[in-house]
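Using the sequences and the hints, build the whole thing.
Chains as they are written, first to last, in our numbering: chain A, 1 to 343; chain B, 1001 to 1321; chain C, 2001 to 2668.
Everything labelled a hint here was simulated from the structure, so no lab data went into it.
We put the beta carbon where it would ideally sit given N, CA and C, even for glycine.
Check each hint, because a few of them may be wrong.
Said to hold, decoys possible - Computed footprint of chain C on chain A; a stretch qualifies when at least three of its residues, placed anywhere within it, have a C-beta under 8 Å from a C-beta of chain C:
#1 94 to 107
#2 131 to 137
As the list claims (entries may be wrong) - Mimicking EDC-like on lysine to aspartate or glutamate, the simulated pairs with C-alpha atoms at most 20 Å apart in a straight line are:
#3 C/K2581 - A/E258
#4 B/K1106 - C/E2060
#5 A/K101 - C/E2091
#6 B/K1210 - C/D2411
#7 A/K97 - A/E166
#8 B/K1076 - B/D1301
#9 C/K2581 - A/E142
#10 C/K2658 - A/E166
#11 B/K1182 - C/D2051
Spelled out from the first residue to the last, the chains are:
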Amino acid sequence: MSAPEPMISVRHLWKVFGSNPEKIIGSADAGLSRTELRAKTGNTIAVRDVSFDVAPGEVFVVMGLSGSGKSTLVRCMTRLIEPTHGELELEGEDILKADDKRLRELRRTRFSMVFQHFGLLPHREVIDNIAYSLEINGVGKEARHARANEVIDLVGLQGYAHAYPEQLSGGMQQRVGLARALAVDPQVLFLDEPFSALDPLIRRDMQAEVIRLHHELGKTMVFITHDLAEAVKLGDRIAIMRDGAVVQIGTPEQLVAEPADDYVANFVRDFPKSHVLTLRWIARPLADGEDLSGPVLLPTLSVRDAARQVLEAGTVARIMDGDKLLGVVGAQDILSVIAGASN
Amino acid sequence: MFTGHRARKRTAYVLLVGAVTFALSTGGSAQAGYTRAAAKCGTVNLADNAWVGYEANLAVVAYVLKNNLGCKVVVKNISEEISWQGFQSGQVDAILENWGHEDLAKKYITTQKVAVDLGPTGNKGIIGWYVVPWMAKKYPDILNYKNLNKYASMFKNSESGSMGAFLDGDPSYVTNDEALIKNLKLNFKVIYTGSEAALITSFRAAEAQKKPMIGYFYEPQWFLAQVPLKHVTLPAYTPGCDADAKKVACDYPPYVLNKVARAKFMTSGSPAATVIKNFTWTNEDQNSVAKSLAVDKLSDDAAAKIWVTAHAAQVKAWIGK
Amino acid sequence: MSTTVLEKTPLKSEQSPKRKLSLTGRRSAFLSVFFLVFAIAFRGKATLPLDRSSLTGFQESLNSLSAWIDNNRDSNPFFTTFVNVVRNSIEWLVNFFQHGISQSGDSRIIPQIGWLGVVVIIGCVVYAISNFRMSLFAMSGFVVLGLLGFWQESMDTLVLTMAAVLLSLIIGIPLGVLAGLFPKFENFLTPALDFAQVMPTFVYLTPVTLFFLIGPASATIVTLIYAVPPALRITAVAIKEVPWSSVEAAVSMGSTRWQALRKVQLPQAKRTIVVGINQTIMAALSMVTIAALIDAPGLGQVVVRALESLDVGRSFQAGLGIVILAVVLDRSTTAAASKVDSGNIVNESRRSRKTILTVLGVIALLGILTSRIFSWAGAFPGSGLLGAKISTWVNNYVNWFQMHFVSITNDITNVVSYGLINPMQTLLTQSPWFITGLAFVGLSWIFGGKPLAAISTFCVLAIVGTGLWSDTMVTLASTLVAAIITVALGILVGTWIGRNKKADRWIRPILDAGQVLPAFVYLVPFLGLFGATRFTAIMAAVVYAAPASIKLMADGIRGVPATIIEAATAAGSSPWQMIIKVQIPSARRALALATNQGIIYVLAMIVVGGLVGAGGLGYLVVAGFSQENLKGKGLAAGLAIVLLGIMLDRITQAIAHKSSKGLSSAAH
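Structure follows, in structure tokens:
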């Protein structure tokens, strides 16, 4: 799963709020708990030594509870908040060294952001909101309106081009936010809890939209959320944050199957494993009394999707990766995952 | 803060403090002061109108009343209109310098009979048209109204359009300037600056910056000691030529400035009434005291003392001794 | 692509706001063109000019009215009983305070409570209502007043202000509560309040002294008229702001309406009511110099007298005293408001509060006693050397400034006068009155529909009825220019300090000074720099009105939701693009409010403008004040100012309301 060069490269990123942020890094105080550190020095560590790569075309989800630092992290990545320390590269270019002009250019053309509370300009029509980035980049009215209309079609806002934000529901407003972000055809899309402010049903629709857009356009996405179900649904890989540090990075199955510590385990405990775990994880060697006459199933099939076939088969199913036999899965294995037995 | 049980105690404390304060403040007032003379003279209410010439009159009269007669002098800083009104309500006893105001005289002296004319103060008011000194020096013929049209365009400013600007001042000084300009066929427009401060500042600035300016002004005025404005001659005044305000085409009459007092005050037998009735002096007298007040910035009493000490005999005559 | 049933469908029955706005925009443009075309085509006709010294029939009748009042003052029972009672009670109140802290009593040379006592009392009171830092601040402010050499005068001003404020609150707060509870009552009161706030004080100065005689009663009443409206209005708003759900909860638990008022609404409204008290004090202080014209003692007297000899330094000295008083009272009452807000009861125990108050009371008593016993603590020591120094310094500085900059300022005067004021004035005065009137009515109808159009029609016709249409147009021209400059400043400076906290900190005191410093103080320097012109009047108005505009705009800029700023930053906006494309458009409501308030404040300076060359209605009011036969005209001018003010106020409010329609979802 490793591309030749990561789209985004984050190395040892720190963000400390307070009067002497740089001093905290590398000092003994860094080891103190948040309250202790605040009481002692008046500083707060929001992002603590975070490193990861994001591959091109990947949906990289950063997940955590409130206060975990995820919102600060994503803002550091676009320099809406200036990191205290660390390295940040976009396609090999050092973002932290970019001057104001270059930064603006990057923001206008290379990456975009979608916000939890939409951030639409209330005095502009939908089409002018969408065209905003193009407008500030000097694109002429006809050209940017044409592009905006393209994107309106893309996100399903046909007919609303001349409406005002206040006339739209939350879901529609966020579509505008999405459209605005896509209008400049960025390489990376940053989404900060974009659906947290929406009703559950709308949220589901919007998640489906994001998945569809990702399939159609293949954009790299960094997606922030506090909802595990959302993370699993959308993410290729998930980074779990706690108290500013990254606890574990992995695919959904990795998190569910091999949680790095009790915190992660607790996190994923209530999530139905069968939706996430694939047969690869529960495939086991052939046991006595079993034969290889059962159906062949792909290792990437989730337990839930495979359940019916395995249960109906009557015998164990063979899990094949091409010609290689990885193992077998029987009804008992399926049921134990579904019943949620602890590891 | 003042509701609830706890607050009621608070309120009690505040009231206690207030009550003690009140008790202390009304207790123990000792009598002191001018008992003997006070019985003779009493309180005199003098109007104080807002120009320095008047202040000069007031400073000297008040000084004499206080120091020589032991009166209690109460000064009321009010406009002329309200001063005359004070005769009716009994709150003002005397106006020490009055410029004309025939309408007010008719109302309060003739009709209501609450006021009396005490005769001249000895100051002669000369209202007229004045130009800044540098212009008079450079264009001596400008001092005759007949030549004004020749220079009219020089007086143009942002307020006067295509005509020359003629500046008027405080609206309480009744003027005939609009009619005069019209009837003398002069190419000027009256600019109502609205206050004496505006008028004086304009004259001062014009002289300092060597800009043309012509406007309404009058003597006696302390300002003339600083910037000696030059009088422009208009057709001479003849009695009756200003009877019809719209047809005026002659110069202003010389004003005999007079004193006006409350009728009942004059018959009260107060020695102050005598002083005020007898008070007269010259333009030079007033100008010198006015200068002390406005230019040297002395206090009323200090300025008055200088003059009174130098003119003790005259003061004695006022008191009637 | 799911547009499920749960989503709003826009463009239903209501028209898109943009369409509406561009509709108003298009209509306004059409109206302007219509106005210009007809105004120029028919210029010079039906302009209703009136000679300076002539009076119309209406104005003559006002003359007779005032004459009638004159004659009947002593005989009419209404006057003798009611008026006298009012006058005597107010005089008693003021004299009580005066004997306490300012004027010499009959026989003592120093007042009952000397300067030390007053300072200590102030310290204790301010500490009780806010905090220690504020009480130190207040005490030092008062000491500075003494150092300026104006202790006696400051106390006089304080006494009058306090008496007026006390009475304003006694009248204003209960009525405000009623107005808050009963909208019909509020509607009934509104025209009277508008009148009281917009009618120039000059107009009713003489009639008030006629009824209430020269003395503290008149001065207090004149101040009252101006100070009651803020107390009333803000209290009404405070009551209305209390969420209805709180009252509902109380009623559902069995409270009567009266209990709900006392236990729910009033406590929750407390903070805003304290803001109302603050505004009342500010309004009262702004009357100080005008009250001096009817013999009110205090700092106002010093200012007026200094002006007779054009002693700018001395008038500045006294003006500074007024500013100090204003700042001390303003900050103390504001601090009291935030203390109320933060629930002081939670932090202090019952007992400690009691102890604190007792200790304060004892300290105050000690202060009073000391000031009575020791002469150094009684009359303020020193001869005000600090004040004299300031006075000389100011005079020198003003002269220097005038010498060096007068040519530049003269040029500015000419450019603005010839380029902006004259064209505007010519346009307004030379067009037929019904064309201009129609333009007003049309504008009202576009932005406020039929009700506003009706009000404007009434105002236009009434102004014509006063006989002063031409002068009103002259005043309107200057007012509009002043308003334009004020709003421009509001946008420029307001945006700047809204974005920049540091700038805000040091600009704000300048703004406060501009609002509180008596205009008379800076009139003379302005006269020196700009001459006796309409421009000077406009400058004076701008000094007074711009601070309010600037503060409102800054507030609007700061109020733009952070999400929008973030989104625009993330999209790559440069600072300039952020200001022009995001912040100012989002602050549209604040901008409209800043315009409305700017115009109101400018109107308040019309009469002052008349004292420095503005002509028009302002001059007529001053003239009516000084000349017997012009009294009726002066009164009519006052009426015209009120009518103009009401019309402009309502129209700008309607524009504000319309422009905020597109902004109710500020994307939260």
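- [ ] Quickly compare the C-alpha distance for C/K2658 and A/E166 to 20 Å and report which way the hint goes.
- [x] holds, 15 Å
TODO: Verify the proposed pairing of C/K2581 with A/E258, using a straight-line Cα cut of 20 Å.
DONE: violated, 50 Å
Task: Restraint status (C-alpha distance of B/K1210 to C/D2411 at most 20 Å) - done: holds, 15 Å
Open item on the list: Taking 8 Å as the Cβ threshold, is the statement that the region 131 to 137 of chain A is covered by chain C upheld or broken by the three-residue rule?
Closed with: holds (count 5)
- [ ] For the pair supplied as a hint, A/K101 and C/E2091, confirm whether the alpha-carbon distance does not exceed 20 Å.
- [x] violated, 70 Å
TODO: Mind checking the alpha carbons of B/K1106 and C/E2060 for me, to see if they're no more than 20 Å apart?
DONE: holds, 18 Å
Task: Assertion that chain C covers the region 94 to 107 of chain A - criterion: three or more residues, beta-carbon distance below 8 Å - done: It holds, with 5 qualifying residues against the three required.
Open item on the list: Between the alpha carbons of B/K1076 and B/D1301, is the straight-line distance 20 Å or under?
Closed with: With Cα atoms ~16 Å apart, B/K1076 and B/D1301 stay inside 20 Å; holds.
- [ ] Starting from A/K97, check that the Cα of A/E166 is at most 20 Å away, please.
- [x] The hint is violated at about 39 Å.
- [ ] Compare the distance between the alpha carbons of B/K1182 and C/D2051 with 20 Å, and conclude whether the hinted pair is satisfied.
- [x] Holds: B/K1182 and C/D2051 sit about 12 Å apart, inside 20 Å.
Open item on the list: Need the status of pair C/K2581, A/E142: alpha-carbon distance at most 20 Å?
Closed with: holds, 19 Å
Hint compliance for this structure: hints 3, 5, 7 are not met, and every other hint is.
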